[in-house]
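Note that the protein sequences, when read in sequence, are chains S and Z.
Following my numbering, the numbering of the first sequence begins with 1 at its first residue and continues without gaps.
Following my numbering, the numbering of the second sequence begins with 1 at its first residue and continues without gaps.
Derived from the structure by calculation, the hints contain no laboratory data.
Fair warning: there could be bad hints in the mix.
Incomplete in silico selection of chain S near chain Z, CB under 10 Å [said to hold, decoys possible]:
hint	residue
1	L447
2	L451
3	G616
4	V619
Where is the CB? At the ideal position from N, CA and C, for every residue including glycine.
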Amino acid sequence: MAIAKMKKVSLVAPVSCADGIIRVLQDVGVVEIEQTEIEPEEYSWCQLAEVREDLGKKQEELSRALTELKFCIDFFDRFERIKKNMIEQFAGGKVYLANSTFDDLGSRVEEAHTVYEECRRLDEELSTRSNEEARLLDNYNQLISWEWLDIPVSELAGNNRISIDLYEFPSRFYEDIVTEVKESCPRAYVVPGPSSGSRYIPVIVICLSEDRDEVRQVLSARSILPELLPEVQGTPKDAIATIEQRLSRIDQEVTELKEQAKGLLKERIKIYSVYDSVSLAFDRKALAAECPATRTAFLIEGWAPLDALPALEKAVQAEYDLVHVEARDPFENENPPVILDNPASVAPFEAVTEVYGMPRPGTLDPSFAAMPFFFIFFGMALGDAGYGVILSIVCLLLLRKIKMAGTAKKLFKMMAICGAACVLVGAVTGSWFGDLFGIAPIWFSPLDNPLLMLGVSFALGLVQIYVGIGMRLYYNIRQGNLKEAIFDQGLWYPFLTGFLLLLGGSALGNPAMSEVGKWLAIVGAGGLIVTQGRAHKNIIKRLGTGILSLYDLTGYVSDILSYSRLLALGLASSVIAMVVNDMAKRFLSIRFVGWIPMLMILVIGHVFNLAINVIGSYVHSSRLQYVEFYGKFFEGGGRRFRPFNKKTKYIEIVEEGEA
Amino acid sequence: MSITVGMVLGFFAVAVAFILPGIGSSIGVALVGSAGSGVVTEDPDKFGQVLLLQVIPGTQGIYGALTGFLLMMKMGVFSGNIVRLTTSEGWLAIAAAMPIALVGLLSAVYQGKVAAAGLGVVAKRPEELGKPLVFAAMVETYAVLAFLATLLLVLFGIEFGGVA
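Please model the complete structure; the sequences and the hints are all you need to start from.
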């Protein structure tokens with residue numbers, strides 16, 4: 001139940017071992033690099049110029065290789081997109097390879113380069129084809145309305161005496177246009193083509209060269225411009241036939257090229273491996289470039305959890321003798337990264353905290369304390385045993401089928417555990433897929449006695465708020481702030497308890513309870529009034545602040561009321577389930593086949609209800625932790641531990657035999 | 001069978017419970033969906049996360065529908081023997097439906113806005129999806145409370161006797 005203890009690690013070793021040691025660090029993956037800033041004036045720790053230049057060159061080479069490989073990957077994706085299912089979208093969905101397979105495939109840089117050149121060639125050929133296809137289609141579209149013309153296109157050019165222009169006249173105004181042309185230039189010939197019922201009629205206008213401008217002007221006034229035919233051999237009809245022939249050949253060639261590209265897809269895993277292994281090398285070089293070094297030695301500094309130190313030292317010293325590893329506690333002004341460290345049974349619930357944000361180093365990890373509350377609240381919000389069973393089974397199946405890591409894995413484990421809470425709550429309240437089987441509740445049904453359920457919700461909320469105040473109290477004691485612990489947290493217990501007893505006593509008509517509550521509240525309130533203004537010297541200001549602090553009571557009361565959502569969410573899911581059951585059972589009255597629609601409605605209805613309510617239950621249980629619970633004591637501002645490790649994009653490297 | 005004013009009012013209560021939160025949820029869901037398409041254009045693999053944000057403003061519509069179904073049950077619509085509500089009973093049904101009808105309508109729209117804004121997180125820092133979800137859940141709180149009020153009123157406050 002804590003935040004793991006972090007040490008600042010310094011590694012000093014000869015420059016000649018730099019590559020190897022950085023590789024070991026990457027393999028072990030337990031150090032988050034954080035180099036101490038070194039002033040350039042301290043000349044003994046300067047980066048050597050020739051080393052830096054060399055590193056720069058190497059980095060450039062690697063990043064060029066990465067660009068090539070990325071090209072291949074994108075090229076492959078064009079031919080066969082890898083579809084990720086809904087869960088993989090959350091969990092990553094990489095390819096799983098055993099360590100040795102990855103190392104083997106990843107080292108085939110030369111082969112990958114050959115694949116790249118092949119991809120490149122195919123890509124170029126394909127784009128040449130598609131350009132040509134576009135050009136041919138363009139020509140085709142221009143020629144198609146002149147197919148009837150049995151003159152070679154080259155003879156339509158005219159000469160210095162005669163001008164031949166091709167136009168398309170709108171059929172509606174055909175007569176008008178022809179008249180206009182004739183009027184302005186009587187020597188022009190207008191030869192219409194077949195109208196074929198379309199909106200335009202192709203027309204050839206033949207006139208003397210000196211009249212050409214006149215004709216064009218008349219027509220352009222009507223926004224009719226001469227058509228320009230592409231330069232092709234023979235008549236338009238012949239040209240069209242040639243184009244069609246060529247197009248079908250291109251089509252064939254493209255199919256062949258695509259086949260070749262698909263043949264390359266078998267290299268995909270190799271390319272992925274090489275990409276990741278090159279990018280790991282790139283990371284190593286990038287780290288090496290920022291290490292301070294002298295002519296003989298270099299230094300790496302970073303954060304590592306205390307538990308991981310022995311393994312780290314062992315791994316480094318197994319391969320290199322001349323390595324000095326030193327670990328120290330963080331300084332006051334340093335901000336080490338945070339790892340939550342809980343027993344395996346609590347670890348899934350770290351997901352709740354991780355989604356919220358990491359606690360500041362040195363403060364409390366709330367995951368352990370939040371676990372029982374999240375568990376039971378989730379159970380109450382979903383509130384159905386049948387749904388709980390399905391939820392657990394689905395989550396466990398997904399965990400087995402899909403490899404996940406980090407927060408996603410914790411989240412699914414947590415959901416699987418919370419399914420048990422639903423079974424628990426469902427059994428207690430007699431809800432198995434709503435009222436489908438008519439199983440009686442062990443305790444009571446919230447539909448029969450919602451006030452009791454409301455009371456249970458409030459009571460659990462009160463417990464959580466007390467625990468929340470207690471967490472802060474514990475933290476203050478641990479920090480040695482005894483005064484804060486007693487005055488700021490301790491006094492709230494009698495005041496809050498007294499106030500609630502007072503309310504409860506008058507509601508239940510129990511004068512003894514009210515009496516106890518009254519005195520408890522007075523003691524608590526008195527203490528708060530006296531102590532809460534202690535920052536002020538002025539006695540009036542001090543008391544004023546003290547009295548105002550009692551106003552925080554409204555905050556606590558509204559916190560408790562907020563837990564009523566548990567009743568509402570629980571009722572919502574069980575009532576929807578009942579409605580589904582009710583609608584489905586009505587179909588049984590249809591003779592013989594009634595069970596078919598009944599089953600369909602049951603399955604669809606319950607799956608829908610489950611899906612919607614799982615999201616709602618998760619979100620609202622989380623909110624109750626974040627606002628009502630964490631708000632009492634949590635100090636955020638920690639940053640997640642991000643070690644220097646094998647950060648891959650496509651391949652998840654796993655132990656032998658797990659792939 | 002003659003129709004009473006109470007029955008008309010009762011049907012009106014059902015209609016209001018379906019209509020208003022339904023409208024609110026449609027607007028909310030549409031807001032997130034149309035903005036979410038942009039995120040999915042950039043990275044189709046974010047579909048699941050966007051969908052998660054999109055369904056959140058949809059719950060108000062479900063609360064409303066649920067209220068409507070419960071009222072129908074109480075009025076005996078499903079049993080085919082509709083209770084001939086008195087005028088007061090009709091008004092009672094409307095009053096009971098009001099909390100989720102109005103709060104559902106408005107909160108779904110605002111929740112949609114919050115969720116749509118949360119899409120930025122999905123686009124740039126998908127690992128932080130939990131945070132926009134919680135922001136959206138803050139708005140939902142009031143819909144849940146209103147639904148609680150309606151639910152309690154309908155389930156336990158209303159028993160239709162009808163006109164003798």
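Results for each hint:
1. L447: holds, 7 Å
2. L451: For S/L451, the interface hint holds, since the closest Cβ of chain Z sits about 9 Å away, which is under 10 Å.
3. G616: holds, 6 Å
4. V619: Where the cut-off is 10 Å and the nearest Cβ of chain Z is about 4 Å from S/V619, the hint holds.
Going through the hint list in order, the structure satisfies each hint without exception.
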